[in-house]
Structure formats: structure tokens, C-alpha cells
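2 protein chains.
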Amino acid sequence: MRGAVLYGPRDVRFEEREDPKIIEPTDAIIRIAATCVCGSDLWPFRGIEQLSRPQPVGHEYVGIVEDIGSEVKNVGVGDFVVGSFVISDNTCEICRAGYQSRCVHGEFVAQTIGTQSELARIPLADGTLVATPGMPDEDLIPSLLAASDVLGTGWFGAAAAKTGPGKTVAVVGDGAVGLCAVLAAKQMGAERIIAMSRHSDRQKLAREFGATDIVTERGEEGVARIKDMTNGLGAHSVVEAVGTQEAFMQAVHATRPGGHMGFVGVNYEVHVSGLEIFFAQIHLLGGPAPVRRFLPELIDLIWNRRINPGKVFDLTLPLDQVAEGYRAMDERRAIKTLLRP
Amino acid sequence: MRGAVLYGPRDVRFEEREDPKIIEPTDAIIRIAATCVCGSDLWPFRGIEQLSRPQPVGHEYVGIVEDIGSEVKNVGVGDFVVGSFVISDNTCEICRAGYQSRCVHGEFVAQTIGTQSELARIPLADGTLVATPGMPDEDLIPSLLAASDVLGTGWFGAAAAKTGPGKTVAVVGDGAVGLCAVLAAKQMGAERIIAMSRHSDRQKLAREFGATDIVTERGEEGVARIKDMTNGLGAHSVVEAVGTQEAFMQAVHATRPGGHMGFVGVNYEVHVSGLEIFFAQIHLLGGPAPVRRFLPELIDLIWNRRINPGKVFDLTLPLDQVAEGYRAMDERRAIKTLLRP
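Protein chains in written order, with the numbering used here: chain C, 957 to 1297; chain L, 957 to 1297.
Misleading hints may appear alongside valid ones.
Note: identical chains are not told apart, hence a pair may lie in one copy or across any two.
Computed cross-link-like contacts, SDA-like style, restricted to lysine to any residue with a CA-CA straight-line distance of at most 20 Å [what the hints assert, rightly or not]:
1) K1160 - Y963
2) K1267 - D967
3) K1183 - A1053
4) K1118 - G1054
5) K1160 - G964
6) K1118 - E1049
7) K1183 - V1060
By construction, these hints were calculated from the structure, which means they are not laboratory data.
Treat the numbers as computed from the prediction; the structure is a model and nothing was measured.
Let the hints inform the model, and build the full structure from the sequences given.
Here it is as C-alpha cells:
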């Protein structure tokens, strides 16, 4: 089969890779129907996350099961499936508590598998994959693919920030994850949803996803605007979906005392002083999203056309042009690139 | 009246200060029945927190109301009262949400009033003070005084760490606050309470307060012991009651993914990398405890002799020996010093 391999900074190659095979009886092999490029893929692409060797890339995927190991029971050959970007058994104590992204048998798809490819071996298939009710209409595929990471991640951010009825929610970051957090806050019944964005196309999508207000200012100016809008208190719920120092502190400062901040931007370069988070006195929860927790609900919402997160994809390319997909996102010409084998 | 004033590092003087008077109609003047020295008083005493001028010190107090302003309704002259170390109106939106330590009209008693004195003016008396059901027996006074800060702070730490039935709780720090967090976890119904302590007298009190296990190792060795005791997962709930870098990271690493860490040690010198708290994937909540939220319940438990947090005081001195009280704690000769005017 063919798949994408990252050799070093800005060097993604689409090349022949060995066909994946069932290794463990809990594995499944899926034929990728659609995959995409993630904001977090840009970290190694830009060389900020170092690689020790050429690495297969990609961790978002939907596809059709081609083969299963002898112990796989929840998905069968021919099923259309959506999977999380973290492998999980979904039975350990951590999974049962809803933190499948920290499963005791967990591994990152990005680090070991690479789904920007024609086929992929998914370990612990029963605990990682969820089958759709049937073969999806073509127009549902982008949204189902979004559920695999960006929607699930925005959803987790919104859940970690305890969005809900009566709450004012601010979302820092207007990338695909931030936009999906807006959508999630809307679904969770938030009263007011403030998208922090300075790009008109993204503002438009944020409005469509449920944002009631747009704030274009950043950093402490952005914080001041949020305070102005909330009687000087700050938002009840803030989602940080960027991962930079400025965005992280903007989120900390925009959250009211006793409020909740969910942070889902991978924050490689963020450093926080203890006193900042002590005196902010806010609830903090971040990390790789336990997408598997949300998948059944998200698939149901998409299947019934109640949400359309697939709109975050504004560029679709054939998989063999994966390198251009990275470049378009790196240069901010695209919010998110969908790839079709 | 006489009171303690900190002039600089290790220079506490007991001297004549002006008698406090009603300034605002919401003020009360109380005659201090007992006060004490807090672990956090040691930060300016040691010069780690810098002072710009000589400052009255002390923020823990119980006493008898001597005078009230014209608008005070909830406490009257002659009442025995317990107050929080943070002034709060207890009516603003932040107070009503339970974060009275971040009241929009809040101020720190430590920074403006100083209760290591014979009298004190307490602003916003209705929102800050709680009267006991009557004049307390002498033996209850240390416990009521503890409610003013260390018990309330340990309680907040345990609440922030979501201790409760079925939970394994680890407490980092065996000072008065850590010991009170053990007591709180016990009251909240935790299944297993692990006190991290290497001092035999404090271990003894921790056991008395409800600890089921003692871990003497610190840092990553301490973390390994907690993991050993929890199927490799870490504790559900961890209370950090020290404030150093080592203790903070010990607490982060001892908390299982999806678990909760309450941090109540004032963490002047702690610096956290974003990635550490991202991949730890734990709920974090810290800050100055909203003691006022808990005071009615704590007073009730003490009044009915269901808890005896006053045992954290292992040194009692007359108020005029306040400087010796600081030294005894600084040199770890005492867990906590009670002062009687």
C-alpha cells in the first residue's frame, strides 16, 4: 500500500509502505475512506517536535473493516467505522472512568500507525473503533472523519470547561478544534458563546456553529473584552484550543474565579507559574481528548444530521497530494485538509 | 491595643498599635480570643515574600464582637465568632458560586488587618464572620480557631480533589493543612487515605485524623509507592499542602489520569510545564480556600465534637511571645502555634 511518511521538517513523502497485517487477535485492518491533516501534525512537520527516525503520519480516520483478529467482536468485516486517535481497550479502570486517551494499554495512532495511508492496522479494535449504523452517505464522511479527532477534541474541551445551560463560554482559537468547541458548547446548551477570532471566514463558520459573539482582540486585550462582557468577572467556561503561551494565559485570565478552563491545544512551549494558577482559582483540565467516550453520541448526532462539523474542512485533496495538504495548513491557506485515498 | 508587626525577615515585634474603630457601617470590631501562626506567615517571615513596609500580621482568629457598624445584621455585640482569612460580602456572584476567597469586594486579612493582636476590625462582617451557637467551652477554642484557616484550607483541598466514598486519597504534606485535609477526607467518606509524612508525631496525628496508610518516601519515590498501592494508576484524589516544586510535581504525578488534584500550599516558587499538566490529564483546582463556604458546616462538626482539628496546635503561647511562635514553626519545633492574648 501507499502512505505518508515524515522524514524531517517539512519533508512529507507519499511512498510505498508494507501492507499492514493482523498481528494480535484484537487487531482490525481497515481500508481508509478518508483521513486528514491535524493541527498537531504541524508540530513535527515544523520540527518543533523532533523525530528520531522517519515516521508514518496521520491519526484521524474513517474506513471500512477489511479483516479482523479472532477476538474482535464489536466490529465486523465490511463495517464502516470511526476510530479515536488513541488506541484504547475501553475496559480498564481509566477507560471506564471516561479517560480512554489514557488507557492503561493505550498508544497514540500518530506515533505507531499513521493513517494518512490506504490501509491501517488498528490494535484493540473493539475498544477503539465504533461502527456507524450503516454505510454512510458521501456527504456525511467529512463529519464522521471530524469525529475522529477535531470534533471529539473540541467536545472534550467544552466538556472539560463545563459548558452548559446558563453558562457564558469563551473559545480561544479559531482553528478546526476551536470551531468544534463552539459547536459543542452550542449542543451542550450554553447561553452565550464567544468565539475569539480575527479571520472573517472562521468567524462566519463560528457563527454558523453557534457563536453568539465574536471577539477579535487577543492576549490581555482579548481578556479585557471578555471581562467587559461578563460584569468584570470573566467567562464561566473557557476552552483553549491553540497551545501557545499567549493563548494559554489568555484563557487562564478570561476564566472567572471558580470557573472552568478546558485546554486541548498541545502546549509544547507553555510554562505556567504556580502562583498564576493558584490565584486564578480556576478548574483546569486538559490533555489528549478521550474521543472514544464521545464517539457513540457524536456519530448519532452526525448520522441524524443534527450537526455538521465536516464544514471545518475547506480543502480536499487526493491522498497522494498529502504534502500539499500539510503546506496549505502550515501557510494558513486552509483551516483543515481532508484527504481521500 | 497591642499587636504583632513584621518589620522584615525574621523581625516580628509585639508593639502598641492604634485601636481599630468602625469605619464602614458593615464593619465589626472583635476582641481576639485566640489567634495563631500560619505556614503562609512563614513566607514573609523568611523574606521569600517581600514587604514594602512594616506590616501587621496574622489572619486566623476567633473572638467576641465588641462593636458593629449600623448595617451589620448577622452578628451582634457579645457573639463569639469565627471568621475567614479573606474578607467577603458573601452575596456577589462569585461568593454565591462558593468562591468567597475571590469575592469581588474581597481583601486578605493578612495584608490589611493583622489578627495577631488584641482587637481587629473585620470589614463586611455579615459576609465574613459566623457566630457560634453560644459561648464555646474552652476546649473547643483551638478547633474553632483551626476552622478559620487550616481546617477550612485542608477541607477545600479535599473538596477540590473530589475526595469521597470509594476514593483513594493521597495527601502531600504533613503540616497543619495536610493533617486537616486527612481529617476532611475522612469526613467526606474516602475509602483509603494515604498521608505522606516522615515525622512520627505527625504520622500519629494523621492516623488519629483518619489516615489508613502512611508513605514516608518523597518525590518520585513517593509517587512510585502511591502507584504500587493503586494498581499502577495513582490516587483518585491528591491534596498538595506544601507549595514547593517537589511537592507540587509529586502531587501531579501521584494523581491518576482523570483524577483530581487540589493544591492549597501557596506555591511561590512552582513552575509547571504546559506539557506536564496536559499529558497528566488531571483536574486541577487550587487557590486560597473559600473558608466562608465551609464555616457553618465546620462549626457544627466542632460544636458537636465530631471532629477535633485543634489537635494540630502543639504549642500554645501568650500573644506577647508571638515572635517565639514564629521561630518555633520556622525551625520545625512546632506544627502550629496557638496564641492567646
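We went through each hint and held it up to the structure:
1. In this assembly of identical chains, the alpha carbons of K1160 and Y963 never lie at most 20 Å apart, being 36 Å within a copy and 59 Å across copies at closest.
2. Taking the closest pair of Cα atoms, K1267 and D967 never come within 20 Å of each other, the shortest separation being 28 Å inside a single copy and 65 Å across copies.
3. Taking the closest pair of Cα atoms, K1183 and A1053 come within 20 Å of each other only across two copies (17 Å); inside a single copy the shortest separation is 35 Å, beyond that limit.
4. In this homomeric assembly, K1118 and G1054 come within 20 Å of each other (Cα to Cα) both inside a single copy, at 15 Å, and across copies, at 16 Å.
5. In this assembly of identical chains, the alpha carbons of K1160 and G964 never lie at most 20 Å apart, being 35 Å within a copy and 57 Å across copies at closest.
6. In this assembly of identical chains, the alpha carbons of K1118 and E1049 lie at most 20 Å apart only when taken from different copies (17 Å versus 23 Å within one copy).
7. Taking the shortest Cα distances, K1183 and V1060 sit within 20 Å of each other only across copies (13 Å), while inside one copy they are farther apart (41 Å).
Taken one by one, the earlier hints fail for this structure at numbers 1, 2 and 5, listed in ascending order.
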